[in-house]
Amino acid sequence: MDYTLVVALEMIRAIAWLVLLASGLAIIFGMMRIINFAHGEFLMLGGYTVVISTNAGVNEWVSILILAPVVVGVFGIIVERLVIQRLYGRILDSLLATWGLSMLMMGGVTMIFGNTVQGVSTPFGGMKIGAYQVPVYNFVLIGFAVLVLVAIWCVLKFTKAGLIARATMQNADMAEALGIRTRWVYMTTFGIGSAITGLAGGLLAPVTGVVPTMGMNLVGQSFITVITGGASVIAGTLSSATLLGTISQGVTFLTGPVYGDAALLVTALVLLRLLPQGITGRIFKRSL
Amino acid sequence: MTKLSRRNFLYTTGAAAAATLASPLVARAGTDTIKVGGLHDLSGALDSTGVPMNQVFQLAIKEINDAGGLLGKQVEAVIYDPQSNMSLYSQYATQLALKDKVDVVMGGITSASRETIRPIFHRYNTFYFYNTQYEGGVCDRNEITLGTTPAQTVKRVIPYAMNLYGKKVYTVAADYNYGHITAAWVKRYVEENGGEVIATEFFPLDVAQFGSTISKIQGAKPDFVLSAMVGTSHLGFYRQWAAAGMKSQIPIVSTVYGAGGTEQVILTHEESDGIIASFGYFEAIDNPTNKAFLEKVAQEYPDKKWVMSEISEVTYEGMKIWADAVKEAGSTKRDALLEVLTSGKTYDMPAGKVKIDPKTQHAVRDVYIATCKDGAFAINETFPDSQPEDTQMVCDLIKDPKSNTQYEISL
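The listed protein sequences derive, respectively, from chains A and B.
Per the working numbering, residue 1 is the first one in the first sequence, and the count goes up by one each step.
Per the working numbering, residue 289 is the first one in the second sequence, and the count goes up by one each step.
I should point out that these hints are in silico values taken from the structure, not numbers from a laboratory.
Even glycine gets a Cβ: it sits at the ideal position worked out from N, Cα and C.
Errors might be hidden in some of the hints.
What the hints assert, rightly or not - Pulled a few chain B residues facing chain A out of the computed Cβ check, cut under 8 Å: (1) Asp335; (2) Leu347; (3) Ala400; (4) Thr501; (5) Gln506; (6) Thr520; (7) Ala532; (8) Leu555; (9) Ala586; (10) Gln587; (11) Pro590; (12) Lys593.
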């Protein structure tokens with residue numbers, strides 16, 4: 001019984017992990033059609049912000065919840081102004097530019113902060129579930145994954161800003177004709193996507209090794225989740241994260257992490273063969 | 289997203305902003321120097337290990353030059369950065385051998401990089417020192433191997449931990465040749481000592497979530513966990529282990545933790561305290577050579593954040609031992625040097641006594657077992673004169689000096 005509970009919890013945590021990794025990218029890639037190859041480095045920047053500021057004496061939660069999203073969000077806006085704004089509609093060019101950006105960020109962070117920084121420890125410690133022990137922090141990850149999705153949904157669905165953003169992404173010329181300054185909308189949307197990525201990087205900082213190259217290991221999972229999910233931010237991210245997280249963790253429990261990793265890739269492969277536009281290209285079509 | 293042209297359509301692509309990496313640093317000067325090559329990853333995934341190695345490599349050269357150089361000449365370093373990239377490794381190795389015509393090369397970190405460059409140096413008769421702890425089995429007269437092998441470390445740390453904790457072992461290892469070979473050695477030594485490996489799990493290097501494994505370990509209730517986890521993603525294992533509150537319940541013994549000299553810095557003390565490891569060098573070694581060495585390093589690199597580990601200290605050894613042999617032989621020719629190196633001379637190094645086994649050209653050295661405490665390793669036990677028995681089982685360069693291979697040691 002407690003084993004089932006632990007397995008279920010672990011699956012939900014894996015889903016939350018994918019949701020956090022992918023939400024920011026879903027906005028930038030899913031909505032804006034910008035392939036941000038530096039997504040992993042945006043996560044790394046969030047992680048570095050937390051580690052550096054916590055070591056400098058800032059409260060760990062302030063660094064995770066405020067500093068990481070703000071720093072990465074502002075960085076995202078700068079990047080959008082300097083590079084991305086010239087590349088809307090040019091998917092391959094954006095890939096090349098952001099790939100270069102990712103190398104620049106890895107090199108830059110190594111130069112400024114060094115490749116070895118003291119990590120931060122995971123808050124809260126362990127919790128007993130029958131004969132097993134799990135980190136309480138798992139619930140924090142799950143909570144924030146839910147919060148991020150709900151927040152994005154509320155903004156897109158109920159606010160005027162969300163409506164404008166959706167309108168701009170659907171038909172920028174028409175939106176412009178209606179008096180919307182689409183440049184600002186693009187900039188803000190990119191900034192928000194970056195900020196969410198920063199928050200995710202910050203939340204992951206206490207549970208992984210924070211080094212300049214950490215993004216390379218995360219960018220793959222993020223893209224797989226977003227592409228499998230398809231164009232809609234909420235339904236896409238949630239459905240693909242649920243599917244991929246459950247399958248990969250289920251297989252990991254049954255066999256081992258090698259097959260768990262492989263199962264995630266095979267699932268994504270099969271899904272994209274059947275649903276080339278992603279899950280939300282066929283199912284939940286009109287959802288957000 | 290619109291397909292119509294935007295106002296800024298004519299702007300040139302921002303891709304120009306994508307910076308390409310700088311070309312390698314090559315020091316070059318007149319002909320009246322002895323050139324030595326350094327091939328360590330100074331950027332890319334392995335830079336946290338490569339940079340310290342390169343720093344002590346340069347420190348050793350500086351010391352040699354300050355003491356008057358070799359054969360009346362100054363020693364000059366030719367340094368390339370292979371950027372953790374195997375094709376650059378082979379390119380720079382060829383350059384070092386043919387264009388720079390160096391007398392010796394120190395370098396290579398992973399076994400993959402070594403097996404990329406070793407045949408190149410062998411072909412061009414460029415003397416090569418490999419200074420990393422690795423899985424054993426290299427048999428090549430052109431290579432001196434100074435790092436420890438499993439028969440020197442794993443063989444000792446397993447019975448040590450079994451005495452301390454018990455006989456049921458759970459192995460977690462990285463999913464590539466190092467992890468698989470080490471896991472096989474672990475199984476062998478555990479069984480030789482009357483214990484049992486209850487499970488072995490392998491992790492691809494990009495796996496960063498360990499929750500399910502940690503639950504499985506809790507279910508299996510081993511006496512200790514043996515970790516051969518490699519790389520920064522795998523550091524997450526130690527963090528998530530501590531976060532689940534397992535630190536106080538099941539101890540961790542590792543064959544690689546601390547190998548790069550950065551793990552102790554990246555993890556917090558609560559996460560790393562109590563981990564047991566075995567290497568040929570720890571900062572805590574108590575001898576005057578080591579004290580002087582660490583002082584010099586601190587003076588030369590006051591901003592360093594890394595901890596001196598076997599891989600870096602042995603790189604220093606490599607340079608010093610080579611220089612000593614050059615002095616004694618009065619030549620930089622490989623065969624003359626090999627004669628001196630394999631003559632059984634004992635070198636007094638920061639790590640203790642080091643000798644070169646003529647059969648395998650691997651180091652016979654002191655091996656230590658230590659426990660991590662407050663982020664630093666404290667030594668529990670010393671094993672002097674540890675032989676590279678694994679490689680000795682398969683390799684005899686006296687009988688077969690033409691050998692040019694890495695044997696797989698069948699277990």
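To see whether the hints hold, each was checked on the structure:
Because the closest C-beta pair between Asp335 of chain B and chain A is about 6 Å apart, less than 8 Å, the hint holds. Taking 8 Å as the C-beta cut-off, the interface hint given for Leu347 of chain B is violated, the closest approach to chain A being about 18 Å. Proximity of Ala400 of chain B to chain A is violated relative to the hint, the smallest CB-CB distance being about 17 Å (cut-off 8 Å). The interface hint given for Thr501 of chain B holds, since its Cβ lies 7 Å from the closest Cβ of chain A, which is under the 8 Å cut-off.
Residue-level restraint check for Gln506 of chain B holds (minimum Cβ-Cβ distance to chain A is 5 Å; threshold 8 Å). Look at Thr520 of chain B: its Cβ gets to within about 4 Å of chain A, closer than 8 Å, so that hint holds up. The closest approach between the C-beta of Ala532 of chain B and any C-beta of chain A is roughly 5 Å, which is under the 8 Å cut-off, so the hint is satisfied. Hint status for Leu555 of chain B relative to chain A: holds, with the closest Cβ pair at about 6 Å, below 8 Å.
Violation of the interface hint for Ala586 of chain B is found here, the shortest Cβ-Cβ separation to chain A being roughly 16 Å, above the 8 Å cut-off. Checking Gln587 of chain B against chain A by beta carbon gives a least distance of about 19 Å; that is not within 8 Å, so the hint is violated. Hint on Pro590 of chain B is violated. Least Cβ distance to chain A is approximately 14 Å, over the 8 Å limit. The closest approach between the C-beta of Lys593 of chain B and any C-beta of chain A is roughly 5 Å, which is under the 8 Å cut-off, so the hint is satisfied.
Of the numbered hints listed earlier, those contradicted by the structure are 2, 3, 9, 10 and 11.
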